[in-house]
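Using the sequences and the accompanying hints, generate a full structural model.
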Amino acid sequence: MGWEEAQVRGYPEFVRAAQSYRGRPIFALFCGDKDAEGRSWCPDCVTAEPIVRKELHNLPDESVFIYCLVGDRAYWKDPNNEFRMNLKLTGVPTLLKYGTPQKLVEEECFKAELVRMLFTED
Amino acid sequence: MHQAALLGSAIKDAQHYGWNISQPVHHTWSVMAQGVQNYVKSLNWGHRVQLQEKKVKYFNIKGSFSDPHTVRGLTKAGKEIVVTADNIVIATGGRPKYPMHVAGALEYGITSDDLFWLKKSPGKTLVVGASYVSLECAGFLTGIGLDTTVMMRSIPLRGFDQQMASLVTEHMESYGTKFLKRCFPTKVEKLENDRLQVTWKNADLDTEETDSFNTVMWAVGRAPDTKTLNLETVGVKTNSETGKIIVDANEATSVPHIYAVGDITEGRPELTPTAIAAGKLLAQRLFGQSSELMDYDNVPTTVFTPLEYGCVGLSEEAAVQRHGSDNIEVYHAYYKPLEFTVAERDATQCYMKMVCLREREQRILGLHFIGPNAGEVIQGFALGIKCGATYPQMMKTVGIHPTCAEEVTKLHITKRSGLDATVTGC
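Top line first, the protein sequences correspond to chains V and P. Mapping to the UniProt record's numbering: the first sequence position 108 is 108, numbers consecutive. Mapping to the UniProt record's numbering: the second sequence position 213 is 213, numbers consecutive.
Do not take every clue at face value.
A few chain P residues facing chain V, derived, Cβ under 7 Å [unchecked claim]: (1) N38; (2) K41; (3) S42; (4) W45; (5) H47.
Note that these hints are calculated values from the structure, not bench results. Glycine is no exception: its CB is placed at the ideal position from the N, C-alpha and C atoms.
Now the structure itself:
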């Protein structure tokens with residue numbers, strides 16, 4: 001069946017998406033919002049996204065890749081935003097395997113071997 | 001989980017300090033278990049990331065030797081992986097033993113490996129064994145409110161100072177853990193309601209007794225995990241009694257380029273930090289940066305029972321055996337931790353002793369401490385003992401007030417004097 005991608009923006013949309021794909025392995029990449037030209041306010045996210053996308057073909061069958069824009073810079077900087085409070089995210093970009101403690105944060109997302117390891121290992 | 005139990009006691013103490021908490025306070029196993037399990041899983045992931053960052057190739061396989069420089073094994077998917085190397089280090093550790101002569105032991109009992117991964121509370125539990133694993137587990141199970149019994153064949157904490165071991169178990173008894181002393185199990189059967197019926201022999205009364213439990217946990221020792229490694233084929237010698245790998249001071253086995261570290265090796269303390277330190281030094285020796293050997297003496301450790309026991313150096317018995325009782329001086333004290341005073345807690349087993357040579361500089365051979373935060377207390381003193389600290393040097397060390405540790409620096413009553421060793425607080 002291969003893998004599929006879902007694109008969401010904001011916390012409530014993310015939760016809905018994660019719930020709808022319940023039972024399948026879910027991987028999520030959280031990035032800062034993009035402007036009209038498609039550039040994120042978060043420079044590390046700009047670097048990480050193509051590296052992560054290049055490894056997507058390693059995703060196990062049946063899995064879902066949720067690409068989630070978290071919000072604008074002000075929203076993200078708020079220490080009580082929903083992603084920080086509920087998902088315990090500490091930075092963007094964050095790439096994680098939903099429902100497990102497996103995640104890569106910030107510069108860790110630049111390393112193709114780590115991304116591949118997250119996608120392929122138990 | 002020990003911390004979870006300590007917090008339970010702290011909640012009870014809190015009332016004495018003015019906190020309004022409605023009693024009794026209840027504990028939910030699944031909340032604690034999930035927190036602990038998530039943390040452990042995150043550690044595993046953290047290690048994987050670090051290994052990858054250091055460019056260490058990681059093969060998740062059960063390997064065995066096919067020749068002295070070759071290890072092979074199957075992946076989960078059944079693919080065979082073959083790895084050759086100039087140097088090989090074996091660090092497969094130990095696994096909890098099941099008492100195979102006890103009927104039903106394997107089918108119905110669990111070990112410490114399983115205890116931490118239980119999703120539901122173990123309920124009324126029998127812990128069989130007198131090791132630190134047994135006492136620590138029984139201790140926190142009691143602390144979170146479960147009906148817990150320890151069954152011991154003979155002495156508690158074999159290998160540790162026996163006076164201290166007795167104080168540890170005495171405290172556990174007053175804390176609520178039941179002890180079946182000088183008893184050993186003969187069989188475990190499953191009852192209709194899923195409970196386990198355990199039958200045992202009481203060696204003192206020469207009777208057979210029985211009771212039912214929700215969970216039976218075996219903590220009767222650990223055995224090295226070498227059977228599947230194929231060591232005989234490549235000539236790595238093991239101790240025929242223990243199964244452990246025989247190594248020299250270089251951590252080398254009987255085959256020159258094959259090394260071993262950790263619980264798998266014969267005659268070493270079975271402690272994580274010791275294995276890690278030995279492994280690091282081995283790596284430094286192998287790649288030319290150092291010739292330093294691992295020093296296995298004066299390794300500090302702590303037993304995390306409800307009242308903790310920390311120690312470094314020789315037990316009193318070992319010191320007497322090595323030097324003779326005339327040549328050692330034991331300074332000791334019963335003390336009361338400050339946190340026990342207002343909370344009106346029983347400090348009967350809060351005790352410390354320092355074993356020293358009697359002659360000239362009075363070098364400290366061993367330090368033993370029972371009380372809260374024993375690990376934190378002993379860690380700093382381990383440095384002093386490593387450096388050859390003496391009793392006069394300890395007496396010149398000024399204590400920090402108010403702490404329990406300061407009492408170490410004030411130890412002055414000897415066992416030899418026969419005087420009352422109870423010290424008063426501030």
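Against the structure, the hints come out as follows:
{"no.": "1", "hint": "N38", "in the structure": "6 Å, holds"}
{"no.": "2", "hint": "K41", "in the structure": "5 Å, holds"}
{"no.": "3", "hint": "S42", "in the structure": "3 Å, holds"}
{"no.": "4", "hint": "W45", "in the structure": "5 Å, holds"}
{"no.": "5", "hint": "H47", "in the structure": "12 Å, violated"}
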